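Visitor: Residue numbers (the working numbering), protein chains in the order written: chain E, 1 to 396; chain B, 1 to 149.
Calculated directly from the structure, the hints in this document are not laboratory data.
These numbers were taken from a predicted model, which means no experiment stands behind them.
One should not assume that every hint holds.
Said to hold, decoys possible - Okay, derived cross-link-like pairs now, SDA-like style, lysine to any residue, Cα gap no bigger than 20 angstroms in a straight line:
hint, chain 1, residue 1, chain 2, residue 2
1, B, 71, E, 166
2, B, 2, B, 53
3, B, 2, B, 128
4, B, 71, E, 263
5, B, 71, B, 46
6, E, 110, E, 3
7, B, 71, B, 124
8, E, 110, E, 36
9, B, 2, B, 116
10, B, 71, B, 115
11, B, 2, B, 118
12, B, 71, E, 264
13, B, 71, E, 167
14, E, 8, E, 281
15, B, 71, E, 3
16, B, 71, E, 237
17, B, 71, E, 261
18, B, 71, E, 110
19, E, 8, E, 106
20, E, 8, E, 236
21, B, 71, B, 116
22, E, 8, E, 237
23, B, 71, B, 23
24, B, 2, B, 115
Residues per chain, in single letters:
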Amino acid sequence: MFSDALGKVIISGIGQTEVGRRLGVEPLRLTADGCLRAIADAGLTPGDIDGLSTYPGSSQPALGFSGGSVREIHDLLGIEPDWVSGGIEAPGQLGAVVNAAMAVATGLAKHVLCWRSIWEGTAQGAGGRRGYGAGAGRVGGTMSWQLPFGATAANLAALQIRARMQRFGLTREQLAAVPLVARSHAALNPNAVYREPFTLDDYLNARMISTPLCLYDCDVPCDGATAFVVSRAEHATALDHAAVGVEALSCAHHDRFGWEYGQDITRISSRWSTDLWERTTLTPGDVDVAQCYDGFSIFTHCWLEDLGFCEVGEAGAFVEGGSRISLDGELPLNTSGGQLSGGRLHGFGFLHEACVQLRGEGGDRQVAGEPEVAAVGVGAANSGTTAMLVTRASGR
Amino acid sequence: MKPVREAEPGTTRPLPVVDERNAPFWTRGEDGRLRMQRCGACRRVVHPPAMLCPYDHSPDLAWEELSGRGKVETWTEAVHPLLPGFPDTTVIALVTVEEDPTARLLTNLVDVEPDDVEIGMPVEVVFEHHRVDDGPDVYLPLFRPTEGR
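Isolated chain E, as found in the complex (with noise of 0.2 angstroms):
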């Protein structure tokens, strides 16, 4: 390990509600039930928490986008905490938990708890299913450049597709692997939003929602929270599973925020270069299993090549067939289903997923030989991002 700081953490405990299209339970309700459940499963009470993070707080710039903030839950759970963090300027959604792990290690606390909740699936049934951009007048800000062109997220994601397309020769069977493989997983994770399968043909038959992207290459809101505890390496022991260390952590955002405005629209992970492995005697090939953020399909292209699996372009070759992505395959990726499948828990799902690959808790999608090193790549160059190296640690 290459930061004796980051040794000195832990993530002890993690949790997840029910995940769904529309739960129907209040978001703060939802929060809360995560929250406890990560609590329970690091040993602790929530009188033992002295730290809170959360991303992306109070600020909510689209319906159903925040489900509680640091102070709600504050007041909920009754903590009394010595140091606290939230908001939605942070290294991508896993800033909170890389903000925990700093707070740990510089001794500011000694159990953080982590939370992001989502309520997009509820929220947008109620709006009349609008979600991003939706009850616009006049707009101001960044999608003041998009929205009069017609221009969303997925838009923006296709734009990109085509680039690459055409620069890197990428073809619609092969931006098919990463959903597909995702809807393989979703099939054996219980707590997945779409579990049926579909073919290739399916996917290169389904509704364009903006050429060349298709319904499948989009993720799904939903309703849901995860959380994390984030501890002092010493609480291994206190644990009845393995605890998970982080091995190292990249939050670079070299390029712009804006979507339309960075050096390189097939880029959209804001990194230029792989410095998490110049934190780590790992290699890329010591990786047992890959979380990669899959917002839009094509965002996992992208995390595979800025993650150093392949080089950049070549993450459409690299998926493609799918059989080295799946599940016995040389590196098993977004084994849960991710967002595409498993439903948009915002990138907090990806880190939760390695988490349970790595203590062995999989059940019927655990990879097999005891996986020891995960890697986990979450957020856009529109959010900010943070590419992260988790290990199983001591316990047990």
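Fit chain B to the supplied structure of chain E, relying on the hints for placement.
Guide: Coordinates of chain B only, in the frame set by chain E:
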């Protein structure tokens, strides 16, 4: 004839909030000229409009009339769900401007069938006029295949 037209009948668009910094971009297309910010020091085109040049931090940013020509960097046909009010065929594109190909505009392509769009295709600006009751009218810079290409 100036490259300015009225919006297709029956279509509406969400219009941008016009402020001091972006007004020349959104409201001055009546004469058919594309205006963008350009750095007097390094000559790069800056978009969206800024307070300082992001490349050399010069405050010497001036609005310049550009040729209005550019190239399609990438494009997509928006199919579902189309935002309310948009034409049935809406092609969204990134267009790089002739004077500085690192500056790109998110825009729509018009007067072209989606099947005929190609990356690298030369295009030229055409403004779509939108009447506004409580402020200056808005002229949205759209692009069409360059005439006589």
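Visitor: To test your reading of the hints: which numbers does this structure violate?
Guide: Those not satisfied are hints 2, 9, 11, 15, 16, 18, 23, 24.
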